[in-house]
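Peer 1: Sequence:
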Amino acid sequence: MKKDFFKDSTIKFPAYEPWISKDDKLIVNKTLGQSMLTLGPQLEKFEAAFCKYTKSKYAIAVSNCTAGLHLSLKALGIKEHDEVIIPDLTFVADASAILSCNAKPVIVDINENDFFLSITNLKKNITKRTKAIIPVHIYGQVCNIDEVLDVARDNNLKIIEDCAHAVGT
645 MKKDFFKDST IKFPAYEPWI SKDDKLIVNK TLGQSMLTLG PQLEKFEAAF
695 CKYTKSKYAI AVSNCTAGLH LSLKALGIKE HDEVIIPDLT FVADASAILS
745 CNAKPVIVDI NENDFFLSIT NLKKNITKRT KAIIPVHIYG QVCNIDEVLD
795 VARDNNLKII EDCAHAVGT
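Each residue of the sequence shown is one higher than the one before, starting from 645 at the first, in the working numbering.
Worth flagging that the hints you see were computed from the coordinates, not collected in a lab. Wrong hints could be hidden among the right ones.
Below, computed lysine-lysine pairings styled on DSSO-like, alpha-carbon distance capped at 30 Å [said to hold, decoys possible]:
| id | residue 1 | residue 2 |
| --- | --- | --- |
| 1 | K651 | K701 |
| 2 | K689 | K651 |
| 3 | K689 | K669 |
| 4 | K723 | K748 |
| 5 | K669 | K718 |
| 6 | K767 | K748 |
| 7 | K696 | K802 |
| 8 | K775 | K699 |
| 9 | K701 | K802 |
| 10 | K723 | K674 |
| 11 | K651 | K718 |
| 12 | K669 | K701 |
| 13 | K718 | K802 |
| 14 | K723 | K689 |
| 15 | K718 | K767 |
| 16 | K775 | K718 |
| 17 | K723 | K768 |
| 18 | K651 | K723 |
| 19 | K666 | K651 |
| 20 | K689 | K666 |
| 21 | K674 | K689 |
| 22 | K669 | K651 |
| 23 | K689 | K701 |
Please read these numbers as outputs of a predicted model, since none were measured by experiment.
Let the hints inform the model, and build the full structure from the sequences given.
Peer 2: As structure tokens, then:
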């Protein structure tokens with residue numbers, strides 16, 4: 645018999661059912677009834693709301709974070725033989741996006757106390773081929789971004805923030 649991970653209390657780490665409001669369901673159903681699913685008015689509303697929420701000037705919706713990371717790397721001109729530094733505590737999307745640009749992900753240890761990119765290890769791993777750093781905000785917490793930005797400025801490196809876990813923080 646197959647277990648129901650949403651209802652079985654004997655499972656120590658149960659899966660949680662997603663919470664989707666009635667309003668969200670109505671908007672999705674309304675969108676599905678339109679001829680323009682991906683480039684229609686709901687997308688424009690979403691991008692405008694996202695800009696307002698994050699206090700950003702621009703927002704471009706993509707299918708997922710991996711696609712966003714890949715497009716960001718391409719926009720920065722990351723290419724073969726370039727290196728991009730990422731923390732070792734992250735989702736595979738960061739490395740995958742880098743590899744899809746034929747660049748090399750350089751995986752750097754995190755701090756034990758806060759799970760963010762170790763600045764000491766970051767500095768040790770910068771080479772002449774390093775072009776960018778992808779710091780990761782994780783578990784709803786903003787990473788040590790000011791320190792990472794200082795290192796990036798000192799070494800003329802680009803930054804792409806992976807905010808998938810902490811949008812708007």
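Peer 1: Give a verdict on every hint.
Peer 2: Evaluated hints:
1. Distance hint between K651 and K701 is unfulfilled; the C-alpha atoms sit about 43 Å from each other, more than 30 Å.
2. Under the criterion of a C-alpha separation no larger than 30 Å, the hint pairing K689 with K651 is inconsistent with the structure, at around 36 Å.
3. Taking the CA atoms of K689 and K669, the gap is near 16 Å; set against the 30 Å cutoff, the hint holds.
4. Of the supplied pair hints, the one linking K723 and K748 holds, its CA atoms being roughly 9 Å apart against a limit of 30 Å.
5. With a C-alpha separation of about 34 Å, the suggested pairing of K669 with K718 is violated against the 30 Å cut-off.
6. Between the alpha carbons of K767 and K748 the distance comes to roughly 17 Å, so the proposed pair stays at or under 30 Å and holds.
7. A hinted pair counts as satisfied when its Cα atoms are at most 30 Å apart, and K696 with K802 qualifies at roughly 25 Å.
8. With a C-alpha separation of about 27 Å, the suggested pair K775 and K699 falls inside the 30 Å cut-off, and the hint holds.
9. For a cut-off of 30 Å, the pair hint linking K701 to K802 stands: about 19 Å separates their Cα positions.
10. Only pairs whose Cα atoms come within 30 Å are accepted, and K723 paired with K674 is rejected, the gap being roughly 41 Å.
11. Between the alpha carbons of K651 and K718 the distance comes to roughly 44 Å, so the proposed pair goes past 30 Å and is violated.
12. The hinted pair formed by K669 and K701 meets the criterion: a straight-line CA distance of about 28 Å does not exceed 30 Å.
13. At most 30 Å may separate the alpha-carbon atoms for a hinted pair to count; K718 and K802 meet this at roughly 12 Å.
14. Distance restraint check for K723 and K689: the Cα-Cα separation of roughly 34 Å exceeds the 30 Å cut-off, and the hinted pair is therefore not satisfied.
15. Taken as a hint, the K718 and K767 pair is honoured in the structure, with Cα atoms around 24 Å apart against an allowance of 30 Å.
16. A hinted pair counts as satisfied when its Cα atoms are at most 30 Å apart, and K775 with K718 qualifies at roughly 12 Å.
17. This hinted pair checks out: K723 and K768 have alpha carbons roughly 22 Å apart, not beyond 30 Å.
18. Restraint check: the Cα-Cα separation between K651 and K723 comes to about 47 Å, which exceeds 30 Å; the hinted pair is violated.
19. Distance hint between K666 and K651 is fulfilled; the C-alpha atoms sit about 22 Å from each other, no more than 30 Å.
20. For the proposed pair K689 and K666, the alpha carbon gap of about 18 Å is at most 30 Å, so the pair holds.
21. With a C-alpha separation of about 14 Å, the suggested pairing of K674 with K689 holds against the 30 Å cut-off.
22. Taking the CA atoms of K669 and K651, the gap is about 23 Å. The hint holds against a cut of 30 Å.
23. Annotation: proposed proximity of K689 to K701 holds, straight-line Cα distance about 14 Å (limit 30 Å).
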